[in-house]
Structure formats: C-alpha cells, structure tokens
Amino acid sequence: MSSHREAPAISKDPAADSTDVYAFVSPDKPDTVTLIGNYVPLQAPDGGPNFYEFADDVLYEIHVDNTGDAVADITYQFRFSTHHRNPMGTFLYNTGPITSLTTPNWNRYQTYTVTKVVRGKSITVLAKGLTCPPVNIGPRSTPNYAALASAAIHTLPSGETVFAGQRREGFYVDLGSIFDLGTLRPFQNLHLIPTAATNGVDASANVNVHSIAIQVPITDLARGGTKPSSVSDANATIGVWTSASRQKGMMRGGMHGMPTYAGPWVQVSRLGNPLINEVLIPLGQKDYWNSVAPSYDSVFLKYVQHPELARLLPVLYPKVFPNLGAYNKPRADLAAILMTGIPSGIINGFQNFTGKTPADMLRLNLAIPPAAKPNNLGVVGGDLAGFPNGRRVMDDVTTIEIRAVAGVTIPLVDKSFTPDAAAAKVTDGLNAVPDRYLSAFPYLGTPLDGYSTPGA
Amino acid sequence: MAKVTRRTLIKNASVGAATLGVMAAAPTLIGTGTAEAAHSDSPATSGDSIIAHVRNRKTGEIALLVGTREVIVRDRELVRRLVTAAQ
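Chains as they are written, first to last, in numbering that gives the first Met the number 0: chain C, 0 to 455; chain A, 0 to 86.
By construction, these hints were calculated from the structure, which means they are not laboratory data. Check before you lean on any hint, since a few could be wrong.
[Said to hold, decoys possible] In silico lysine to any residue, SDA-like type, Cα no more than 25 Å apart, as pairs: (1) C/K247 <-> A/A85; (2) A/K57 <-> A/R68; (3) C/K247 <-> A/V53; (4) C/K247 <-> A/V78; (5) C/K247 <-> A/V70; (6) C/K120 <-> A/E69; (7) C/K328 <-> C/L282; (8) C/K301 <-> C/K355; (9) C/K372 <-> A/G66; (10) C/K115 <-> A/G66; (11) C/K355 <-> C/A292; (12) C/K247 <-> A/E69; (13) C/K301 <-> A/K57; (14) C/K247 <-> A/R68; (15) C/K11 <-> C/L282; (16) C/K414 <-> C/Y302; (17) C/K247 <-> A/R54; (18) C/K11 <-> C/G454; (19) C/K247 <-> A/A51; (20) C/K247 <-> C/Y302; (21) C/K247 <-> A/R56; (22) C/K127 <-> A/V78; (23) C/K28 <-> C/S229; (24) C/K355 <-> C/Y295; (25) C/K372 <-> C/G444; (26) C/K247 <-> A/G59; (27) C/K414 <-> C/K372; (28) C/K318 <-> C/K328; (29) C/K28 <-> C/L437; (30) C/K247 <-> A/E60.
[Stated by the list, open to error] Among the chain C residues that face chain A by a calculated CB cut under 8 Å, a handful are: (31) M250; (32) R251; (33) T259; (34) A261; (35) G262; (36) Q266; (37) A423; (38) F440.
C-beta atoms are modelled at their ideal positions from N, C-alpha and C, and glycine is treated no differently.
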C-alpha cells in the first residue's frame, strides 16, 4: 500500500504491483531476518467468485544487497502455478468447507516454487509445489482460517521458512485525505482550503493483500556469512527491495484462451522504501522508475533532494511551515535516510550506511536487536529497530516520512536549521491496530473474510 | 549475440507454427475430459513458441523471443519478405 497503484502502468496490473516491503530482525527469532513483499493491493475481502491470487505469468523477487553496490547478491524468486481440481464441473472456487489444503472441496488453488540466486550465477531451487492457503471467504467456506494459514507455512530443508498467500493489510494511511490536495485530516482546519478538524480515516482498515514472506538465518544474508556483532560493523547492513517482472512477449488467443509468453523477464514494478515512487517521483518518471534497478537511482536523486511535497507543505498550510518554506538547500537528510543509509556519527549508536551509491533500498542493520517495547515511529521515535532501519509491519511510515519531509530530520545534517514547531507534530492521524498483526511469522494478520466484511 | 541464419530462423518458426497447430486442436480433447482431471492454469512458456518482432525494417533487425531469452538477428532479405507478406 505504500506503493499501491503508484504509477500509471502498474496501476492497471495489480497482480504485479509491489505494494509494501518489510525487512526486520525477527522479534521471536532474533537469529533470523524476515523479508516480506506484498502484492495485489486493496483487495475487497468479498471479491469473489474469482478471488484475488498471485499471477502465474509474473516473476516475484526479493533482493538482498550485502556489498553496498545496490546490485543483488542474493535473490529469492517465487513462481506460482494455478490448478483446478474440477475445472469443468463447477464455477465455484470451493464446493464445500475448506478444512485442509488438500480437500477436494477446494477447486482452484495455487502452488509455488522458491529459487535462490546468488550473485546472478548460482541458482538453486529450494522447494517446489509449496501450497498457498485459500483466500478467507467466510465461516462456511473457510471455517478455521488460521489453521489453514498455519498449514501453509513451510520450513525448507535449506533452513528458510516461507509463506505465500492472503494477509490482512498491515499498512495504514488516510488515503482519501492525503490525495485531496495534501490534506492531513487532523489538521485540515489549517489547510489552504480549510474544513473542520476531524480524526483521520484508515483507508486500508478493511482490505487484504497478498504476501510473500521468507524468514532467513542472518548468517545466510550477511556479507561474510557471520552475524555482525557490532552496529558499526561495515558488514552489518543489508539493502532489501522487491520486484515483479513479466516476460517481454505475449500473444493472446492461445489454448483455453490463455496467452502465450516468451522472452526475457522485464521488470514492471519494484519497491524498497515506502512512498518513494508514490510521492517523490514525478508522474512522467514513475513507469520508468519501476522499470530500472536501484543501482540506476542516481537519475532520481534530485527528486529526493528537492521533494515537491516539501515545497507544497508551506503553500498548503500557510504560516505553519515558514522555516521549511525558506529552506532551499538540497535535502541531504532525505538522501541519507532513503538513498544511502545514515552514516555513523549522526545518530548515537546507529548507522545503516551502505556506501555512496544512491539507491532506493530498505537498509537493515543486522546487529541491532529487536526492540523490547517497539515504537511505531522507529528511529524518529528513539527505537533503532524500526524504520528506516529496515521496516516492521506496524511501523507508522507515513507519519515518519511526512515529518522527515516537513523538516524534522534536517538538523541531523544541518545544525543551522530549526524545524517548524508543526514538523514534529504532523501526522496522518492514525495508529497501528494490534489485531492486524501476528506475534510470529508471517507477522501480518489473518485476512478479513468476505462474509463478515462485505462492501469494503 | 547468438548466430542465427535465415534457414534456422525459418525452421524454428515452422516448429512454432506446428506447435500452435497442436495447441489449437487441444481444447476439444480437454473439453471432453473427466471433471475430476487435474488442470493447471499455467500459460504456455519456454520452448512452446517463438515470437519474432521486426524491430527495424531498414536494418533488418529481428528480435526472437524464445523461452526466457531474446535473440537478435539481422536479415534484411527475410525482413523484406516478411514485410511483403504482411501487406
């Protein structure tokens, strides 16, 4: 959702739309990292009879850079296959209660293959034929959904744990407000076009998403194959992003009306930090941004250094952001947070710098343990285990990034700047709702069922 | 760049056309199959066909999409014949 329908082309291709990326040291298994890529945004839970699913013709990938060059050193690839148990006998997704992943009542199901690619050369199929859970339909069709989802958590012989299937949306944002000329609903009385102040509205409270989650030993991801013991260790930080690709050629009108595909994979979507392509990259560059690798991001650095939103806030909220309005220097704070990582010496006890190559990656310092009492504002809130040190499922990335753009992080790199008083208070008016998350893998909560959540 | 002659291109294209012919006949067979037969929605992919894209008529550049590869060939005579056939 932090990158849902964020570019013109991908907004028409939801099955390939990378919507959120999470990367964090697993709170219940701190020797592992959990990586999650979300796709297929804004799912109405009652969206049958052809419910949401992964696409067989999309290559889904989670990439990890552990050498600081914004080139993937380790990539986990996921390919899906859709099957019917009774293709000619019924129009239904299920013909009775789905009480197990192998029940004949479940007509249309998906399996997937996980492949690990190391430095683009070593290719290892980690597992084939792994089963996804069904979508959550309702109490008659999926009476014990949590058990079905648990059965779809697979531990691989190579040591990883994987899950691919529907989850409840974990990202929260007041979409309707923000895209109505930058309104922040708690403060709309201060807007250039004012209305009475009201509470924020969570636009994603009643939608689901499809998640690909993999939990990996830290030693599999860290450069050198050992768990970093020091935050300042040069090998401590990894960069993470996801992508979705389609084959270059497609011919419609094949067997069963299905298209035929051929040719190399072409990237159509990618995502590292939340909201980059959504609110920093201009409209005419968004599709191009989705087509290139993070190692090309020097082309887009100017949009991070001179964000349009930072120019708009003083205009949309007159007299609220005078200091921000007068600040004309390139935003080195945003470039560090989003494009290179934060070097040592800026925040006490913290760094996630990966080198000078500007690239949109989530940067996770593997030596920072999970927080005993997480703060959803992450590093801005004094919790070094949260965004922008990777990203946890409940982190309030919208508020964090709005405050950063509003200037609250400029003093990290420019002591001459005094943030406006509003910069540290601005928010989209929402908080994480605990029942949207799990305390264990895959951490994103049980999806809402269509029977109980109609018309979302 | 892989070396592809006009002869091999035409030969491969013929294989692709033959494959499509088999594919066109298949729906009838599947349509009469048992309802319990397992069926995959997976689209046809590598090895099933070749998609040829004439990228530049003047230089005779053709992109062949096969499997998960793209092979570029230059054959002005073949492109000339294809253009003629397409008119």
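Cross-check of the supplied hints:
1. C/K247 <-> A/A85: 22 Å, holds
2. A/K57 <-> A/R68: 24 Å, holds
3. C/K247 <-> A/V53: Judged against 25 Å, a Cα distance of about 14 Å means the pair holds.
4. C/K247 <-> A/V78: Judged against 25 Å, a Cα distance of about 21 Å means the pair holds.
5. C/K247 <-> A/V70: This hinted pair holds, its Cα atoms lying about 12 Å apart.
6. C/K120 <-> A/E69: Since the Cα atoms of C/K120 and A/E69 sit roughly 19 Å apart, the hinted pair holds (cutoff 25 Å).
7. C/K328 <-> C/L282: 23 Å, holds
8. C/K301 <-> C/K355: The given pair, whose Cα atoms are some 15 Å apart, holds under the 25 Å limit.
9. C/K372 <-> A/G66: 50 Å, violated
10. C/K115 <-> A/G66: Holds - the C-alpha atoms of A/G66 and C/K115 are around 20 Å apart, at most 25 Å.
11. C/K355 <-> C/A292: It holds: about 16 Å lies between the C-alpha atoms, which stays within 25 Å.
12. C/K247 <-> A/E69: Status holds; Cα separation ~9 Å.
13. C/K301 <-> A/K57: Between C/K301 and A/K57 the Cα gap is close to 39 Å, so the pair fails against 25 Å, i.e. violated.
14. C/K247 <-> A/R68: Roughly 9 Å separates the two Cα atoms, so the pair holds.
15. C/K11 <-> C/L282: 15 Å, holds
16. C/K414 <-> C/Y302: 23 Å, holds
17. C/K247 <-> A/R54: OK: C/K247 and A/R54 at ~14 Å, within 25 Å.
18. C/K11 <-> C/G454: 22 Å, holds
19. C/K247 <-> A/A51: Holds, because 11 Å separates the two Cα atoms, which is no more than 25 Å.
20. C/K247 <-> C/Y302: Since the Cα atoms of C/K247 and C/Y302 sit roughly 29 Å apart, the hinted pair is violated (cutoff 25 Å).
21. C/K247 <-> A/R56: 20 Å, holds
22. C/K127 <-> A/V78: 42 Å, violated
23. C/K28 <-> C/S229: With a Cα-Cα distance of about 18 Å, the restraint between C/K28 and C/S229 holds, given a limit of 25 Å.
24. C/K355 <-> C/Y295: 13 Å, holds
25. C/K372 <-> C/G444: Roughly 19 Å separates the two Cα atoms, so the pair holds.
26. C/K247 <-> A/G59: Holds, at roughly 20 Å.
27. C/K414 <-> C/K372: Judged against 25 Å, a Cα distance of about 30 Å means the pair is violated.
28. C/K318 <-> C/K328: Holds. C/K318 to C/K328 sits at ~20 Å (cutoff 25 Å).
29. C/K28 <-> C/L437: Holds, at roughly 14 Å.
30. C/K247 <-> A/E60: The hint holds at about 17 Å.
31. M250: 6 Å, holds
32. R251: Violated, because the Cβ-Cβ distance from C/R251 to chain A comes to roughly 11 Å (cut-off 8 Å).
33. T259: Result: holds, 4 Å to nearest chain A Cβ.
34. A261: At about 4 Å, which falls below the 8 Å cut-off, the nearest Cβ of chain A leaves the hint on C/A261 intact, so it holds.
35. G262: Result: holds, 3 Å to nearest chain A Cβ.
36. Q266: 14 Å, violated
37. A423: 50 Å, violated
38. F440: 28 Å, violated
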